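So the sequence lines, in the order shown, correspond to chains A and B.
Every letter in the first sequence is one number past the one before it in numbering that gives the first Met the number 0, and letter 310, counting from 1, is 309.
Every letter in the second sequence is one number past the one before it in numbering that gives the first Met the number 0, and letter 36, counting from 1, is 35.
Hints were generated in silico from the structure; no laboratory data involved.
Everything numeric in this text was worked out from a predicted model, so none of it was measured.
Don't be surprised by glycine CBs; every beta carbon is placed ideally from N, CA and C.
There may be inaccurate statements among the hints.
Claimed, not checked - Sample of chain A residues at the chain B side, in silico, Cβ under 7 Å: (1) Phe388; (2) Thr412; (3) Arg416; (4) Asp469.
Said to hold, decoys possible - Distance ranges between label pairs, derived from CB positions: (5) A:Glu409 with B:Ala206: 18 to 26 Å; (6) A:Gly439 with B:Ala136: 24 to 32 Å; (7) B:Asp107 with A:Thr303: 32 to 40 Å.
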Amino acid sequence: MPVVCVLASSYKVSIARLNDAALAEVPVIVADRRERGHAIAVCPQAYALGARVGMTLVQAAAAAREATVVVDDPARGRALWERVLDALDAASPLVEDAGDGVAYLEMRGIPGSERAWLASVRDALAADAECAALPLSAGFATNKFAARMAALAGNGTIVRIGEERSFVAPLPLQVLGLDPGTLERLDLLGVRDLRTLAALPHGPFVRRFGPESADWHARAGGVDETPVVPRPRRIAIERKMFGEGTAEREEQLLFALRTLVARVADDIAYAGKRCGALELELECEDGDRIALATTLAQPTAQSTTLFDLLRARLEGTALQSPVIGLRLVAQRLEEGGTELSLFAGSDPDPEVVGIALARLEAALGPSAVRRASVIAGNRYEARAAYEAFAGDAFTRSPRISFAPPLAPNEIGTLAYRILAPRAIDVRVLRGRPAIVTLPGAAPSTVIDVAGPWRVDEAWWAEPIANDAYDVLLDDGALLRIVDERGTWFLYGSYD
Amino acid sequence: MRAALSVEHRAASPEAYTLAEERLLRSGFRELDAALGGGFPRGVITTLEGPPGSGRSAIAARLLANATSQGLAALVESPGGAEGAFYPPALVAAGVDLSRLLVVRADDATAVARAADILLRAAAFGVVVIPGVALRAAAWTRLASLTHRANAVLVTLGTAASDELRYFASVRVRMSPATVRWSGEGGLFCTLAGLDVEAAILKHKRAAPGKRARVVCATFEAREGAPLAQTTLRERTVATAERTQTRGRDVAV
Numbered sequence: 000m001p002v003v004c005v006l007a008s009s010y011k012v013s014i015a016r017l018n019d020a021a022l023a024e025v026p027v028i029v030a031d032r033r034e035r036g037h038a039i040a041v042c043p044q045a046y047a048l049g050a051r052v053g054m055t056l057v058q059a060a061a062a063a064r065e066a067t068v069v070v071d072d073p074a075r076g077r078a079l080w081e082r083v084l085d086a087l088d089a090a091s092p093l094v095e096d097a098g099d100g101v102a103y104l105e106m107r108g109i110p111g112s113e114r115a116w117l118a119s120v121r122d123a124l125a126a127d128a129e130c131a132a133l134p135l136s137a138g139f140a141t142n143k144f145a146a147r148m149a150a151l152a153g154n155g156t157i158v159r160i161g162e163e164r165s166f167v168a169p170l171p172l173q174v175l176g177l178d179p180g181t182l183e184r185l186d187l188l189g190v191r192d193l194r195t196l197a198a199l200p201h202g203p204f205v206r207r208f209g210p211e212s213a214d215w216h217a218r219a220g221g222v223d224e225t226p227v228v229p230r231p232r233r234i235a236i237e238r239k240m241f242g243e244g245t246a247e248r249e250e251q252l253l254f255a256l257r258t259l260v261a262r263v264a265d266d267i268a269y270a271g272k273r274c275g276a277l278e279l280e281l282e283c284e285d286g287d288r289i290a291l292a293t294t295l296a297q298p299t300a301q302s303t304t305l306f307d308l309l310r311a312r313l314e315g316t317a318l319q320s321p322v323i324g325l326r327l328v329a330q331r332l333e334e335g336g337t338e339l340s341l342f343a344g345s346d347p348d349p350e351v352v353g354i355a356l357a358r359l360e361a362a363l364g365p366s367a368v369r370r371a372s373v374i375a376g377n378r379y380e381a382r383a384a385y386e387a388f389a390g391d392a393f394t395r396s397p398r399i400s401f402a403p404p405l406a407p408n409e410i411g412t413l414a415y416r417i418l419a420p421r422a423i424d425v426r427v428l429r430g431r432p433a434i435v436t437l438p439g440a441a442p443s444t445v446i447d448v449a450g451p452w453r454v455d456e457a458w459w460a461e462p463i464a465n466d467a468y469d470v471l472l473d474d475g476a477l478l479r480i481v482d483e484r485g486t487w488f489l490y491g492s493y494d
Numbered sequence: 000m001r002a003a004l005s006v007e008h009r010a011a012s013p014e015a016y017t018l019a020e021e022r023l024l025r026s027g028f029r030e031l032d033a034a035l036g037g038g039f040p041r042g043v044i045t046t047l048e049g050p051p052g053s054g055r056s057a058i059a060a061r062l063l064a065n066a067t068s069q070g071l072a073a074l075v076e077s078p079g080g081a082e083g084a085f086y087p088p089a090l091v092a093a094g095v096d097l098s099r100l101l102v103v104r105a106d107d108a109t110a111v112a113r114a115a116d117i118l119l120r121a122a123a124f125g126v127v128v129i130p131g132v133a134l135r136a137a138a139w140t141r142l143a144s145l146t147h148r149a150n151a152v153l154v155t156l157g158t159a160a161s162d163e164l165r166y167f168a169s170v171r172v173r174m175s176p177a178t179v180r181w182s183g184e185g186g187l188f189c190t191l192a193g194l195d196v197e198a199a200i201l202k203h204k205r206a207a208p209g210k211r212a213r214v215v216c217a218t219f220e221a222r223e224g225a226p227l228a229q230t231t232l233r234e235r236t237v238a239t240a241e242r243t244q245t246r247g248r249d250v251a252v
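Okay, chain A solo, but in the shape it has when bound (with noise of 0.2 Å):
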């Protein structure tokens, strides 16, 4: 089985060093979050002076000082690795996606050599901008294994049959992806590379090891049976509407988009799926093209539902010449649907939310809706996180829920609000803070303060070193204010 290996090592430093050109010289540590975050992917200089995957961020950051640190962008390394997929359909019609940065292609029945195979590769990733500025590799062997450790050898490797025991022999055991505790037991046997892995006999080292040891032996010797397993295939629901006039006013193009959205509908349920999102795509007579995405807060193939929500989304448009043009193409197509209850007490409709949310987006711009969450954290700032309002929080409940109101108590709580930081002039009498003057404010005496409470870390990058002091003004407000490093900052307020 002719296969070729297409292989991005370090993809996500890839996907850094594409996001951020000044990287492209400097060793880089990719991290899962910038607060208490660990190392995912690191670059061959940053691994050189001693950073390693599976660090916590200060460790690393520690091992490797002369280090940038980015945090992953699993979204664009996603998107991008799709393009580079949907680029290798041309080289063959069967192609895997083994995960972010690698994929196979199996060249059976393609008529040519090695060579040309590979070079139809190369060709087919040079058609695409974006495909051809990652670092990609690509090796050919008989089988998945040896192709990638070709891949891994160099751009352009090809191991012909009857080659692959000896082409792998002297390669590592890391190779094989084994964790820790085997390499290390297979250490203490004098096991440290293919080679001698090979060279065991196969059913006692099976027996010691375990069933899946059976797989280490056999890529060992230089053979892989599992198959290529094609990626699947991704259903387009596409309509377009060209050539049918102009819509001059708001009600023409309205009813255009009416008939497109139900043609799209058909389309969706004739497939048997839901759509969880959409593209509308306007055409204008001056040749503006205006692209409008749309989320749905829960999949559907109601046409009723889908207008609604293009239309809000619509409401925030400004054309400036008649429409010419349509084109709705319907994404994130899933399987099937579930019946929403009769008996789904008071839970709010989600479709009335989710077009809502569609308004409010159309209005204010995708990143004013959004959901507060806490995080760990230990500052002030760094405690809370929005992310998008997810339509998990109105999935009607399949039953009735009788939640009883919150119990009464006495004691409210006293609500924090946080202010865009502002400088302040604060008069320091005996070390505490004694005038407090607000910006376009009278100066106000400080009654009573508390602190200050010293914020002193990140050494290692940026580093945050203040002195923060709650202080009750003779005007009642009750403010928290930061000295950093002399200059004086307004923070919050409770209220």
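Following the hints, complete the assembly by docking chain B onto the known chain A.
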């Protein structure tokens, strides 16, 4: 005797009382609910007025907590504005279910009005909290109508209500700080423990205005620690000029 009759009547006709109670949203503060005639009425605009530090956000947070325990609620805020943004951990401490709270960022008065319009039109949010921005009378008319149709509580938070808002709000509550409590004598070993606020009902179209209530609030950090009553407290009474003026001008004492 009246209480006994009331209980008997209630037992005989629970449906009538359920309907009546659905027209109110209780804050859970007994004194404040009593001053409001049972709770905050649904379907109307309510203003919580007072300077920063007067506890208006604490009352709003309690209303959001009650709303999210039953359904969805929405909070419209301007993080870059003078009032800032609600701090999520404090909302959680107040009992708000953040997964059911929609936070909308609106940077100017028009955006606030548009957001409130869309949220109320959906009729899916039991409580909508917005900053008390200055809008034209036409906008408040529209919002009042939508609030009534959605049977929601539209709460505005601000230092003082504009003339238009004073007219269209059915309930106006003036908040002012009364006593600030600190645990400890001062300095490093002192923390803000809580605040007593005074609520004065300036206007109420469905009950008698002019009543007063006192609400005790603890900081969210104090609530996570020792109970308020068991903490060694130092109290400071706040007597601002504004508060004195409010008593004299707006409320018949």
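A quick look at each hint next to the structure:
{"no.": "1", "hint": "Phe388", "result": "holds, 6 Å"}
{"no.": "2", "hint": "Thr412", "result": "holds, 4 Å"}
{"no.": "3", "hint": "Arg416", "result": "holds, 4 Å"}
{"no.": "4", "hint": "Asp469", "result": "holds, 5 Å"}
{"no.": "5", "hint": "A:Glu409 with B:Ala206: 18 to 26 Å", "result": "holds, 21 Å"}
{"no.": "6", "hint": "A:Gly439 with B:Ala136: 24 to 32 Å", "result": "holds, 28 Å"}
{"no.": "7", "hint": "B:Asp107 with A:Thr303: 32 to 40 Å", "result": "holds, 33 Å"}
Comparing the model with each numbered hint stated earlier shows that all of them hold.
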